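> Given next are the chains, with one letter for each unit.
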Amino acid sequence: MMSRPGVLFALLGIAGLFLPLVHLRPNRIVPGEGITLTAGFATGPLIAVGLAAILIAGCLGRWSPGLRTAAALLGLVGVISSLGLAAGHLLPKGNGLARVAPASGFWLLLAAFAFMLADGLTRLRPSVAASWLILAGVLVLAAALLGSGMLDQVSVMREYATRRGPFLAETQTHLALAFGSLGLALAVGLPLGVAIYLTARARGPVLTVLNIVQTIPSLALFGIMIPLLGWIATLPGADRLGVSGIGSFPALIALFLYALLPVVSNTLSGLQGVPLPVREAALGLGMTRGQLLAQVLIPLALPSLLAAVRIVLVQNIGLAVIAGLIGGGGFGTFVFQGLNQTAMDLVLLGALPTIALALLAGIVMDLLLGMSRGAQA
Amino acid sequence: MIELRHLTRVYAGVPVVDDVSLNVPEGEITALVGTSGSGKTTLLRMINRLVEPTTGQVLIGGQDVAGQPVHLLRRRIGYVIQGVGLFPHHSVARNIATVPRLLGWPPAQIGARVDELLQLFQLDPATFRNRMPHQLSGGQAQRVGVARALAARPDLLLLDEPFGALDAIGRARAQADLRGVQRQLGTTMILVTHDINEAVQLGDRIAVMDHGRILQHDRPERILTDPATPFVQALIGPGERAFHLLSLSAVLGMTQPGQAQGPAIPREASLRDALAECLWSGRDALPVEGGGIVTLAALRAHARQAPE
Chain D
1 MMSRPGVLFA LLGIAGLFLP LVHLRPNRIV PGEGITLTAG FATGPLIAVG
51 LAAILIAGCL GRWSPGLRTA AALLGLVGVI SSLGLAAGHL LPKGNGLARV
101 APASGFWLLL AAFAFMLADG LTRLRPSVAA SWLILAGVLV LAAALLGSGM
151 LDQVSVMREY ATRRGPFLAE TQTHLALAFG SLGLALAVGL PLGVAIYLTA
201 RARGPVLTVL NIVQTIPSLA LFGIMIPLLG WIATLPGADR LGVSGIGSFP
251 ALIALFLYAL LPVVSNTLSG LQGVPLPVRE AALGLGMTRG QLLAQVLIPL
301 ALPSLLAAVR IVLVQNIGLA VIAGLIGGGG FGTFVFQGLN QTAMDLVLLG
351 ALPTIALALL AGIVMDLLLG MSRGAQA
Chain B
378 MIELRHLTRV YAGVPVVDDV SLNVPEGEIT ALVGTSGSGK TTLLRMINRL
428 VEPTTGQVLI GGQDVAGQPV HLLRRRIGYV IQGVGLFPHH SVARNIATVP
478 RLLGWPPAQI GARVDELLQL FQLDPATFRN RMPHQLSGGQ AQRVGVARAL
528 AARPDLLLLD EPFGALDAIG RARAQADLRG VQRQLGTTMI LVTHDINEAV
578 QLGDRIAVMD HGRILQHDRP ERILTDPATP FVQALIGPGE RAFHLLSLSA
628 VLGMTQPGQA QGPAIPREAS LRDALAECLW SGRDALPVEG GGIVTLAALR
678 AHARQAPE
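Protein chains in written order, with the numbering used here: chain D, 1 to 377; chain B, 378 to 685.
Don't read these hints as lab results, they were simulated from the structure. Fair warning: this is a prediction, and the values are worked out from it, not measured in the lab. Warning: the hint list may mix true and false statements.
As the list claims (entries may be wrong) - Partial chain D-side listing against chain B, Cβ under 8 Å, derived:
no.	residue
1	E280
2	A281
3	L283
4	G284
5	L285
6	M287
7	V296
8	P299
9	L300
10	P303
11	A307
Every residue gets a Cβ at the ideal spot worked out from N, C-alpha and C, and that includes glycine.
Build the full structure now, drawing on both the sequences and the hints.
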């Protein structure tokens, strides 16, 4: 028996082995020459054979999910280490300008093993506790790879090395934007969702307005914030509250507005999902409205609320990149600087952590969601 | 005593309950029976104020319920509904403990009360205390629902089609359980049902409703033998009334001295059971356990219209 996804991953990965693993460029802007894994460094061919073996063995249907997962992880470590080894080997000593950047072969191999990992995990169906352990293990592995210094010669890490301070500051800003807007949206959206659940007449108008906000393109919404908040900032006392037309504040407001619809509509649908007899029984037994909400409706709507948190978190971690355009900070700062300078390594310095963060938030929220559903089954 | 005085509820100009007055005696089961849309559920829900009357009064123990904070009123009245409505995120014990918790009973007392009720409904506390509602069968969930309604020892229990979702066997068992619990606790109960059979089985009194009005309120045998209107007669069903009537009395009260052949019938069996046994075994008389006989002639005499 063949594993069909395994065949697809193998084709993807083996194509990656024949394409250049890295680009060697004289400096960070000009195009360079592509170098494959086999030509990259002394042990390259050996690693290439190992990776190919994993990919081909992955085609076999007999492999247990556990073995598949472990092999995929090994493959990922192999691909990422190769990048580091190639960079260390190819970079001329004492040349601060030359860059070794990941190329198409690297991305294809990375994708092949990432898909294989996802496939293995799906088949493994680990318990929630085991999932947490696996996640922690992968994070430790990632931290070890980054901390080992093995990747320090790779272009993105060279960009990072010269921007350590700003990178940490922008990470903080990015997190503050994503989580701050989520916090605001929960603080406003939860009561609003409960309110429109209780008064059916307000439901249509509120959801319509939030729907319209949601359809405004992000760039436009961020743009509108500048004159709008700029005007509000001129009002007496506004500046003391941190209101300004440019910077993180308008970005925070825009992200908050985007987050509002998922929070409000999921609160509403979660509450509406509570079976009518349950509501009736709670009232009939003598719960006050507050007790009905706190003891019955909100706990039963919790999975729906957590789903909203997941949507908002992943959405806003991604959208917060746009904040870079209006001087709001965050990883977007590197992305747009990089685009302006046509320095793709700098773009990656902003894009890669954004992707990693969104992925991590999504996985963590999925696990929490699984726990909340398990708790009330 | 529960007294309903000229209760009316109007929805969009149409009276759903129309000037209903009713006295519900203490310690009895009153069955409100009628077709769907007859206003019986609305009438029931006006007693615990889930529906506010347009006009009229509900008095419990002489006190108008309108003057009391609604959540405090409801904590003193048990309420069981068709869908049961157990809280899916709470264990069986926590469900039963709902009203005692709202009333702030000490935890030890709540725990003891929960176990007492589980035993009363023949659910082993050690097995069922920590089960979640989705792990219960329909009949078990229904019993937990009644136990929850009785937890804080209410003087009055309202039941709205409580057995509607159960199959025939589960329903018979649940009805017998409810009857037994009512005999044991002496709780006043008002039961809404569309099933005349259930009303006859459980009701000490039956109130027949149609178009928001009470057509007849009386003991079951009077309703069966002397229906007040053609509607009441139709609801009973002419083909069934003799059997309903026989099902109301036990063999015990009909026993006469004598000898009869064949196996004996238990004293607490209903006259309906005795008739069925006579017909099935082709006998004219059955011996009764503990002595005496019941005759087919006596059964025939019992199962007929009241003399004019």
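> For each hint given before, does the structure comply? Return the numbers of the non-compliant ones in rising order.
Violated: hints 10 and 11.
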